[in-house]
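Residue-level listing of the chains:
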Amino acid sequence: MRSRRSLLLLAAIPAAYLAYFYVYPLVTILVTGLFPNGRFATASFVEIATNPTVSSVAWFTLWQAVISTLLTVLLGLPGAYVFARYRFPGRSLLRSLTLVPFVLPTIVVGVAFLAVLGPGGPFGLDLRGTIWAILIAHVFYNLAIVIRGVGVFWEQIDPRIEEAARTLGAGRWRVFREVTLPLLRPAILSSAALVFLFTFTSFGVILVLGDLRHTTLEVEIWRQATAFLRLDLAAALAVLQLVGVTVILLLYGKARNRKAGELPLLPPAEVARAPRGLGEWALVATTLTMLLVIVVTPLAVLIGRSLSTADGIGLSHYANLLNPPRASALFVSPFEAIRNSLGFAIPAVVIAGGIGLLSATVVVSGRGRGGGTFDTMLMLPLGTSAVTIGFGFLVALDRPFDLRSSLLLIPIAHSLVAIPFVVRSTVPVMEAVQHRLREAALVLGATPRQAWREVDLPLVARALAVGALFAFAISIGEFGATSFIVRPSTTTIPIAIFHLLGRPGTFGEAMAMAVVLMAITAIAALGIEAIRGNRSGGV
Amino acid sequence: MKRAIILTVVTVFALIGSACTGGEATPDEIVLMTHESFAVSEGVLEQFTAETGISITVLRSADAGTMVSQAILTKDHPVADVMYGIDNTFLSRAIDEGLFIPHRATSIDSVPASMRDGQDRVTPIDFGDVCLNVDPVGLVDRGIDAPTHLADLAESGYTGTLVVEDPSTSSPGLAFLLATIATFGEDGDYPWQAYWQDLVANDVRIISGWDQAYYGEFSGGSGKGARPIVVSYATSPAAEVFFGDLDAAPTAIVDDGCFRQIEYAGVLAGTGAEAAAGQLVDFLLERTFQEDIPLNMFVFPANREASLPDLFVNHVVTPTAPIIMDPSTIGANRERWLTEWATVVR
Numbered sequence: 314m315r316s317r318r319s320l321l322l323l324a325a326i327p328a329a330y331l332a333y334f335y336v337y338p339l340v341t342i343l344v345t346g347l348f349p350n351g352r353f354a355t356a357s358f359v360e361i362a363t364n365p366t367v368s369s370v371a372w373f374t375l376w377q378a379v380i381s382t383l384l385t386v387l388l389g390l391p392g393a394y395v396f397a398r399y400r401f402p403g404r405s406l407l408r409s410l411t412l413v414p415f416v417l418p419t420i421v422v423g424v425a426f427l428a429v430l431g432p433g434g435p436f437g438l439d440l441r442g443t444i445w446a447i448l449i450a451h452v453f454y455n456l457a458i459v460i461r462g463v464g465v466f467w468e469q470i471d472p473r474i475e476e477a478a479r480t481l482g483a484g485r486w487r488v489f490r491e492v493t494l495p496l497l498r499p500a501i502l503s504s505a506a507l508v509f510l511f512t513f514t515s516f517g518v519i520l521v522l523g524d525l526r527h528t529t530l531e532v533e534i535w536r537q538a539t540a541f542l543r544l545d546l547a548a549a550l551a552v553l554q555l556v557g558v559t560v561i562l563l564l565y566g567k568a569r570n571r572k573a574g575e576l577p578l579l580p581p582a583e584v585a586r587a588p589r590g591l592g593e594w595a596l597v598a599t600t601l602t603m604l605l606v607i608v609v610t611p612l613a614v615l616i617g618r619s620l621s622t623a624d625g626i627g628l629s630h631y632a633n634l635l636n637p638p639r640a641s642a643l644f645v646s647p648f649e650a651i652r653n654s655l656g657f658a659i660p661a662v663v664i665a666g667g668i669g670l671l672s673a674t675v676v677v678s679g680r681g682r683g684g685g686t687f688d689t690m691l692m693l694p695l696g697t698s699a700v701t702i703g704f705g706f707l708v709a710l711d712r713p714f715d716l717r718s719s720l721l722l723i724p725i726a727h728s729l730v731a732i733p734f735v736v737r738s739t740v741p742v743m744e745a746v747q748h749r750l751r752e753a754a755l756v757l758g759a760t761p762r763q764a765w766r767e768v769d770l771p772l773v774a775r776a777l778a779v780g781a782l783f784a785f786a787i788s789i790g791e792f793g794a795t796s797f798i799v800r801p802s803t804t805t806i807p808i809a810i811f812h813l814l815g816r817p818g819t820f821g822e823a824m825a826m827a828v829v830l831m832a833i834t835a836i837a838a839l840g841i842e843a844i845r846g847n848r849s850g851g852v
Numbered sequence: 005m006k007r008a009i010i011l012t013v014v015t016v017f018a019l020i021g022s023a024c025t026g027g028e029a030t031p032d033e034i035v036l037m038t039h040e041s042f043a044v045s046e047g048v049l050e051q052f053t054a055e056t057g058i059s060i061t062v063l064r065s066a067d068a069g070t071m072v073s074q075a076i077l078t079k080d081h082p083v084a085d086v087m088y089g090i091d092n093t094f095l096s097r098a099i100d101e102g103l104f105i106p107h108r109a110t111s112i113d114s115v116p117a118s119m120r121d122g123q124d125r126v127t128p129i130d131f132g133d134v135c136l137n138v139d140p141v142g143l144v145d146r147g148i149d150a151p152t153h154l155a156d157l158a159e160s161g162y163t164g165t166l167v168v169e170d171p172s173t174s175s176p177g178l179a180f181l182l183a184t185i186a187t188f189g190e191d192g193d194y195p196w197q198a199y200w201q202d203l204v205a206n207d208v209r210i211i212s213g214w215d216q217a218y219y220g221e222f223s224g225g226s227g228k229g230a231r232p233i234v235v236s237y238a239t240s241p242a243a244e245v246f247f248g249d250l251d252a253a254p255t256a257i258v259d260d261g262c263f264r265q266i267e268y269a270g271v272l273a274g275t276g277a278e279a280a281a282g283q284l285v286d287f288l289l290e291r292t293f294q295e296d297i298p299l300n301m302f303v304f305p306a307n308r309e310a311s312l313p314d315l316f317v318n319h320v321v322t323p324t325a326p327i328i329m330d331p332s333t334i335g336a337n338r339e340r341w342l343t344e345w346a347t348v349v350r
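The listed protein sequences correspond, in order, to chains Y and S.
Read in order, the letters of the first sequence correspond to residues 314 to 852 in the numbering used here.
Read in order, the letters of the second sequence correspond to residues 5 to 350 in the numbering used here.
Chain Y on its own, in the form it takes in the complex (with noise of 0.2 Å):
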């Protein structure tokens, strides 16, 4: 057990980056808003409470987050439950593509969506601009929130518990609800807390496939902001978006606090096996069609376009990244931009690593001593709107030193959406651990810091790695914050998209920058596997 002063000492570092770079941020520009003139601005809470589109966008951001949270949920339980059972050819391939929705430009999503989901789409659908369209867009996004999330516990798991239940006489149902759903709780109820904070801050997928019926908080707060230029309405329904937030995490944190007892952790190595019978590979194989359906037709469709040309199918658009046919700045090098695209992703990565696994450490060991709340504040940055934290920036980020303009900010601002994950997918598994093992570890004379070192973090970096991948994928993915930030010089895939976008006649191009983006991510993913996969062993 670690002393309060040393858990105390701890925090201080986690505490103070996020205090510094979200709460200070964030409660200076929503003083900024909402005392324009240095008196609080009542009028504009009034006409908030008084607008009936408030209460109803309100009302329809909470909805569409439970249920695309309980569709993720879903859909992505069998996922995880496949990938981290079953050993069967193009594992490692399809679960890494799973991760590649993640960092899609919502721009792009669009341009996949409107032709899967339109008129002349594979399914002969038309679900454009319906909620439908918003809900399948939301399950295509965090699939892989809970594939990982779940799957990353549950590959540890020994089945030998699952196995000693049914020789007991349980059914398989019977199983899976009273023995392996309860173990799995606190990682189901992790990656459900992650996809509901994505999808109740849902900002592009509602622009590019909602319609004026369907919009958030997120989108008004914007629309407020930049259109209306309405900063104190903005403001105030930012304060009305925090407050939403703030109960579903006190709820979250409430049901999470039921802790699952503690498990015999086992390397993935052992517990991956080829699947047996007619049973278990018709299991597989639903699981990975609907991975296909939902997952890679949108990103087939985007392979596709990038190799549509005017003389049919060809290489032409990604030759024209590589050799730009005019002299514009339109055109960015794709080696250019993976290389300015890596040179924020890997800061992002090492800070939100390093704070995250602090702070996951802190809220492991302080359970019962704070340790909970502390849980829950690293959360709210997630849920928090974009728009908000990055006018926030603006106005508090300027002294002592003026961060405003400066280009590390951008890793600051990515780490703050990233952290909550390398929060959320260690945790569970260093709950887990036994403390026995460590307990072992010090009567056998370890220090706490040996053991710590030695016992907790080989068995906590898988976990690790899994968090640092969404990290990475956070970053690299990012347009907001980034676009503001960098400089021409310094462009990144997303943005390059975003500017092939901005023109008619460069499609072709926006599109072979796209698959580039998802090449990156797909071999990101594909190399941490092969790191777990070396890892494991050792354990």
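Each hint should be verified, as a subset may be incorrect.
Claimed, not checked - Below, a list of computed lysine to any residue pairs in the SDA-like style, where the Cα atoms sit at most 20 Å apart:
#1 S/Lys79 / Y/Tyr565
#2 S/Lys79 / Y/Leu839
#3 S/Lys79 / Y/Phe541
#4 S/Lys79 / Y/Ile626
#5 Y/Lys567 / Y/Leu555
#6 S/Lys79 / Y/Leu448
#7 S/Lys228 / Y/Val828
#8 S/Lys79 / S/Gly274
#9 S/Lys79 / Y/Val344
#10 S/Lys228 / S/Pro140
#11 S/Lys79 / Y/Leu343
#12 Y/Lys567 / Y/Gly557
#13 S/Lys79 / S/Arg125
#14 S/Lys79 / Y/Phe348
#15 S/Lys228 / Y/Leu628
#16 Y/Lys567 / Y/Leu496
Quick caveat, the hints were computed from the structure, so don't treat them as lab data.
Dock chain S against chain Y, hints included.
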């Protein structure tokens, strides 16, 4: 791990330290705040640096509205020295907020008087027109002619043909709304709200952004959609020629209901480098930058002395009578118009 974090923190602060540039008298760096469509050829901004010894840092906001909000929020301690890309639809709010210090650009006399701000608070840098674009092939397939007047779009023959951008999320969308307001007026037998009701009855598709509308819904040129009429720019057909390496434009504009957007630059009040900021505004209006504008941003240079590229001379059709609306009229009514529009189409 802890050591790594300490190292990171130390590095971060070292970098911050080195990034801070002091001294306000002769700055070696100046910050230009602009919108996301800003594009410039390599070597052009470097020319300013070569002439003045001052390097330019470019900050790109999402759009003109975001940029103005950001500038209002940071009025007391601006994040940039010069703003470029604010257009006539957002100008009056920025001026009311006192965002700019008047500056008379050296080449201002080469700009048509109609575009200029009487008090030189902002300097016109470029202009362009938002116009309906049509897909001739798609129109023939449907057996209809290109519309000649905005009112045609409310006729039954044009059912399901038009795609427009949401004026509360898109700059061409706002321009088109303003064009309809200018065309049909606020009072009278057939005000703009009635026109929009007819457009809705005629199955107009409203999309949040230009890219989605043009590439996703429009059938002409590089569009992949099924609708033959879209709200885009007067230069879009020429951009198709340029990027698609074509001989003739695959699309055309409708010479009615075009709305003129003028983009300005201004020295931000509160800059610590007023003289250098003025020099940058001068530079933006000089021929080097002006002649680089057309093929990067597909708008026209404000400076009459700037020569146009062949593409613009040969392929851009300029609308005969674009709608020009007073910025103060737009500023006074924007919120109400957008709210009314949302009520009509929702």
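Hints, verified against the model:
With a C-alpha separation of about 40 Å, the suggested pairing of S/Lys79 with Y/Tyr565 is violated against the 20 Å cut-off. Distance hint between S/Lys79 and Y/Leu839 is unfulfilled; the C-alpha atoms sit about 47 Å from each other, more than 20 Å. About 18 Å separates the Cα atoms of S/Lys79 and Y/Phe541, which keeps this hinted pair within 20 Å; it holds. This hinted pair does not check out: S/Lys79 and Y/Ile626 have alpha carbons roughly 52 Å apart, beyond 20 Å.
For the given pair, Y/Lys567 sits about 18 Å from Y/Leu555 by alpha-carbon distance, which is consistent with the 20 Å threshold. With a CA separation close to 40 Å, the supplied pair S/Lys79 and Y/Leu448 exceeds the 20 Å bound. Between S/Lys228 and Y/Val828, the direct Cα distance comes to roughly 18 Å. Compliance with the 20 Å bound is thereby established for this hinted pair. A hinted pair counts as satisfied when its Cα atoms are at most 20 Å apart, and S/Lys79 with S/Gly274 qualifies at roughly 7 Å.
Taking the CA atoms of S/Lys79 and Y/Val344, the gap is about 16 Å. The hint holds against a cut of 20 Å. In summary, the hint linking S/Lys228 to S/Pro140 is supported, as the alpha carbons are separated by about 15 Å, within the 20 Å threshold. Simply put, S/Lys79 and Y/Leu343 have alpha-carbon atoms about 16 Å apart, close enough for the 20 Å limit, and the pair holds. A hinted pair counts as satisfied when its Cα atoms are at most 20 Å apart, and Y/Lys567 with Y/Gly557 qualifies at roughly 16 Å.
For the given pair, S/Lys79 sits about 15 Å from S/Arg125 by alpha-carbon distance, which is consistent with the 20 Å threshold. Between S/Lys79 and Y/Phe348, the direct Cα distance comes to roughly 16 Å. Compliance with the 20 Å bound is thereby established for this hinted pair. Taking the CA atoms of S/Lys228 and Y/Leu628, the gap is about 19 Å. The hint holds against a cut of 20 Å. Between Y/Lys567 and Y/Leu496, the direct Cα distance comes to roughly 17 Å. Compliance with the 20 Å bound is thereby established for this hinted pair.
Hints 1, 2, 4, 6, counting from the list given before, are not met by this structure.
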